[in-house]
Amino acid sequence: MTFNSVYEITNNLSTVAGQHMIEHFTGSSLDDRWTETEVNPAATFAMNDSVDGGFRITADGGANNEGMINFNNKRQYSPTDCAVIWVEKDVQNTSYTGYCGLANGITGVDSDFPEIALLYNWSANTNMGLRTGDASTKSTTESSVALDTDWHCHKIVLTSTDVQQTIDGVLQTVKTSNRPTAILQPVAGVFGNGKSIDVRYCEAYNT
Amino acid sequence: MPQIKDSLYEQLNPLTTVAGQHFVDGFSGDTPDVMRWGFGYQDSTTGNVASMGDSVNGGLLLTTGTAVDNQAIYMSFMTGTSLDGSDNGTATTIPIRPFSSGLCNMIATVRSNEAHATRGNQFAGFSETGRGDAAGDNMAGFYDHKSFTYFRLRTSNSGGSQNDTDSDIAGDTNWHTIKILSNFTADPTPAGTGVSLIIDGVLKATNTSAIGYFSENVAPIFSTMKSNTSSGASSMNIAYCEAWNL
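Residue numbers (this note's numbering), protein chains in the order written: chain A, 1184 to 1390; chain B, 92 to 337.
Be aware that one or more of the hints could be misleading.
Unchecked claim - Pairs of lysine-lysine residues, derived as BS3-like cross-links and limited to a Cα-Cα distance of at most 27 Å, are as follows:
| id | chain 1 | residue 1 | chain 2 | residue 2 |
| --- | --- | --- | --- | --- |
| 1 | A | Lys1338 | B | Lys96 |
| 2 | A | Lys1257 | A | Lys1338 |
| 3 | A | Lys1257 | A | Lys1321 |
| 4 | A | Lys1257 | A | Lys1358 |
| 5 | A | Lys1272 | B | Lys96 |
| 6 | A | Lys1358 | A | Lys1338 |
Unchecked claim - According to the in silico footprint, chain B covers these stretches of chain A (three or more CB under 8 Å from chain B):
| id | stretch |
| --- | --- |
| 7 | 1184 to 1192 |
| 8 | 1211 to 1221 |
| 9 | 1249 to 1258 |
Note that these hints are calculated values from the structure, not bench results. Note that the Cβ used here is the ideal one computed from N, Cα and C, for glycine as well.
All chains should be built: construct the whole structure from the sequences, respecting the hints.
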C-alpha cells in the first residue's frame, strides 16, 4: 500500500494541517531558510563531507562564544501544540553546551535566551537535559541518558500542560515548570571554546 | 495502521514505478525560498510584498499594496528574486512548468484574509500563465472573488476560455485544505475524469470542459488581487503546497 501524497501520510484531507517543516541538512551548503547567528563571532557553519555527516555548527575559540541556526524570528510554532524532532550529535562532551529544539528569541549566551524548549547538553551535567524557559525563568531536568558523542534522535512535544522529552524513542522527562508561552522557531547551537555539534534532521510541526 | 518503510519514495510509490515530478513546500523559514519561487505583479508593485508570516501556522504571506485598484501579486516558478513582484509582469508564460495539464495534482492549505465582500480575484492551483487576475491558459484551481457567493473550481483551456463551477462553501477567511485532481488525456477533446476540486476532504466540483490541453505544461501558482471596492490590501497565506504528476 502506498499513500497518494506526502500530506496524507500525516493528515486526513478533511484536516487543515498546521505548519510542518522538514530539513535534511543535505547539499553543498545550508538551505537559505536558515539564519546563522553568532555570539562573539566568528562561529563556523559547514556541511560535513562524510556519510550521514549532516551539518556542523562550531563556536569560535574564545570565551562565551556561541553559534546558532534559527529562522531569524519567523516563529510559526505553537508553545502549547507542537513538536520538534532533531537528530543531533555532540562532537565532544567536555567544556561545552550543545542544544537543539525551539525558541522564541535568538540572542543570548549559553542558550540563555527566553522562552525555550530545548535538548540541553551541558558538560557540567552528567546526562542530557530538557531545558525550558518562560519569559522570566529557565530550568533544566536531566534525563537518564549520559552525555556522549553518538547520534541521537530527540523529540520534544509541547502541550497546554507540559513539555515532553523523548530520546531515541524512550520518554525521558515530562516537565510542567517554566514552559514557554510565546510563539517559537526551530533552533540549534553550541556554546564553548571551539566546540561543535552536528545536526542531520529537523522536523517541526504544529499538532 | 501506518507501515514504516525505508524511504519516503516507497510511502508514495512502489519501486516498480518511476515516479513523476513531485515536490513539497512547507513554507517555513526566515525568508521566502526565491530559489524555488518567483513573484510577479499586476497593475502596480508599490507596496506588494511576499514574506514569511511570524505567527503560528503563518506560512508564506502574499500581500498587495494599495496603490491602484486591481493590484495583484502572484507566486509561481518565475525568475528573479524580488519580493514585490517587480521581476515579472502579468500575462507572462511561466518559464518552468514541470507538470502536465492532464495529470497535475496539488494539495495546498490556503487562507484569503480580505473580507469576502470586498475581495478581488484569489487563485491557488496550476496555470501556464503567470498573472494576478486568475485568468490565462490551461488553468486548474481554487478560485474566489467577491462577485460569487461560493468558492469555485476554475479551469481554462489552451485558448483561455474559462469554466467555473461553484462549491457549496461560502467564501470566508478561514484556512482550507484544497486538492486539485487532474486526470485526463487527449487533445483537444479531453478524455478522462477531468479536473476536480476537493475542499477540506470533500469533493466539491468537477469540470470536464474548458480544461487544459493534456499536452500543455503548467506550474503551481498562487495569486491575490485587491478589488476596486476595497481601500485596503489583499493578502493570502499559503502554509503548504504539494504538487505531483499522476
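The hints, checked one at a time:
no.	hint	result
1	A:Lys1338 / B:Lys96	holds, 20 Å
2	A:Lys1257 / A:Lys1338	holds, 21 Å
3	A:Lys1257 / A:Lys1321	holds, 22 Å
4	A:Lys1257 / A:Lys1358	holds, 26 Å
5	A:Lys1272 / B:Lys96	holds, 24 Å
6	A:Lys1358 / A:Lys1338	holds, 14 Å
7	1184 to 1192	holds (count 9)
8	1211 to 1221	holds (count 5)
9	1249 to 1258	holds (count 6)
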